[in-house]
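A.B. asks: Sequence:
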Amino acid sequence: MTKLAPTIEPDGIPAGWTVKLGESPVIGTAIHSGTDVGSCRSSMCLTDPDRRREEDPFTERFIADFPSRIIVHRSRFQVDLNRAREAAIYLSPEQSWGLKVWRDLPSVDIVAESHSFHDAYYGELKRVLTDIEKRYGRFVLVDVHSYNHRRDGPGSMPTSQNSAPDINIGTSSMDRERWAPIVDAFIDVLRSRRLNGQAIDVRENVSFQGKGEQTRFVHANFPNTGCAIAVEFKKIFMDEWSGEPDWATIEQLRAALASTVPALEAALRGME
Numbered sequence: 000m001t002k003l004a005p006t007i008e009p010d011g012i013p014a015g016w017t018v019k020l021g022e023s024p025v026i027g028t029a030i031h032s033g034t035d036v037g038s039c040r041s042s043m044c045l046t047d048p049d050r051r052r053e054e055d056p057f058t059e060r061f062i063a064d065f066p067s068r069i070i071v072h073r074s075r076f077q078v079d080l081n082r083a084r085e086a087a088i089y090l091s092p093e094q095s096w097g098l099k100v101w102r103d104l105p106s107v108d109i110v111a112e113s114h115s116f117h118d119a120y121y122g123e124l125k126r127v128l129t130d131i132e133k134r135y136g137r138f139v140l141v142d143v144h145s146y147n148h149r150r151d152g153p154g155s156m157p158t159s160q161n162s163a164p165d166i167n168i169g170t171s172s173m174d175r176e177r178w179a180p181i182v183d184a185f186i187d188v189l190r191s192r193r194l195n196g197q198a199i200d201v202r203e204n205v206s207f208q209g210k211g212e213q214t215r216f217v218h219a220n221f222p223n224t225g226c227a228i229a230v231e232f233k234k235i236f237m238d239e240w241s242g243e244p245d246w247a248t249i250e251q252l253r254a255a256l257a258s259t260v261p262a263l264e265a266a267l268r269g270m271e
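Numbering (numbering that gives the first Met the number 0), first residue to last: 0 to 271.
Calculated directly from the structure, the hints in this document are not laboratory data. Keep in mind that a hint or two might mislead.
With a straight-line Cα cutoff of 27 Å, these simulated DSSO-like cross-link-like pairs (lysine-lysine) come out [claimed, not checked]: (1) K99 - K210; (2) K19 - K133; (3) K99 - K133; (4) K19 - K233; (5) K210 - K19; (6) K19 - K99; (7) K233 - K99; (8) K233 - K133.
Label-pair restraints from in silico Cβ distances [stated by the list, open to error]: (9) M156 - G122: 37 to 45 Å; (10) Q160 - Q94: 26 to 34 Å; (11) S155 - T34: 23 to 31 Å; (12) A198 - S115: 38 to 46 Å; (13) G37 - S191: 18 to 26 Å; (14) L20 - R268: 14 to 22 Å; (15) V110 - T248: 34 to 42 Å.
All residues carry an ideal CB built from backbone N, CA and C; glycine is no exception.
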């Protein structure tokens, strides 16, 4: 399995994310796939298994075939890039699924570094998207995440399928009418695919509505040229309690997501 090396800043320090730009107006992101907490580990009381259960493992694999992609290596438990800057550090269990993250409140230095990371990421994202906008006129950002559906324990009943689709598409922060050709093409392609011989349950704004910071940022800064689609994969591709992956399912979902890229490119051209 090929892995991209982290982007290196001029001073030789890893930036905490990797950017790969190809010849396409479609870009995939996996901003919650990271597990790195660096020097914060000693200040955290949360165990690694509990932390990783709420991260989005293997989402970087889902976008591996996208010509352009951004993968974040920093854990959301140090700084959550999909929340606004002032809420990006989980200071109380109410912000983090009832989990206590820190032994004591994080130090001033940890807070400052985390906020700086948040600022730097969104500065880089704006730069990357501005460049894509200049080259192609319009772009689509596919914002990939995952979610748990057995929260009561490894042997518990899963969340009802009625409220937990295999793939949830979040669109609430966009001008849905304007971007209908893009979103509808994306959903149609995913629904046409099969997973282990069965149709994939793809629905819009059911378990999540796409209210995260990254999609909001795209639509606020590129209201007429940028479409950001929040995509939540239910963790049917792994055991969410042990962390054990189901590689066959992961590869099928990866192929399904990759098959949307030509359709998105064509839909963008059709809007010109």
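A.B. asks: If a hint holds in the structure, say so; if it does not, say that too.
C.D. replies: Each hint tested on the structure:
1. K99 - K210: 24 Å, holds
2. K19 - K133: Cα-Cα ~17 Å, so holds.
3. K99 - K133: Measuring from Cα to Cα gives roughly 44 Å; hence the hint is violated.
4. K19 - K233: Within the cut-off at roughly 26 Å; holds.
5. K210 - K19: At roughly 25 Å apart (the allowed maximum being 27 Å), K19 and K210 satisfy the hint.
6. K19 - K99: Roughly 35 Å between the alpha carbons, so the hint for K19 and K99 is violated.
7. K233 - K99: Holds, at about 24 Å.
8. K233 - K133: Measuring from Cα to Cα gives roughly 35 Å; hence the hint is violated.
9. M156 - G122: 37 to 45 Å: Because 44 Å falls inside the window, the suggested range holds.
10. Q160 - Q94: 26 to 34 Å: 28 Å, holds
11. S155 - T34: 23 to 31 Å: 25 Å, holds
12. A198 - S115: 38 to 46 Å: Holds, at about 45 Å.
13. G37 - S191: 18 to 26 Å: 42 Å, violated
14. L20 - R268: 14 to 22 Å: For L20 and R268 the Cβ distance comes to about 19 Å; the hint holds.
15. V110 - T248: 34 to 42 Å: 39 Å, holds
Hint compliance for this structure: hints 3, 6, 8 and 13 are not met, and every other hint is.
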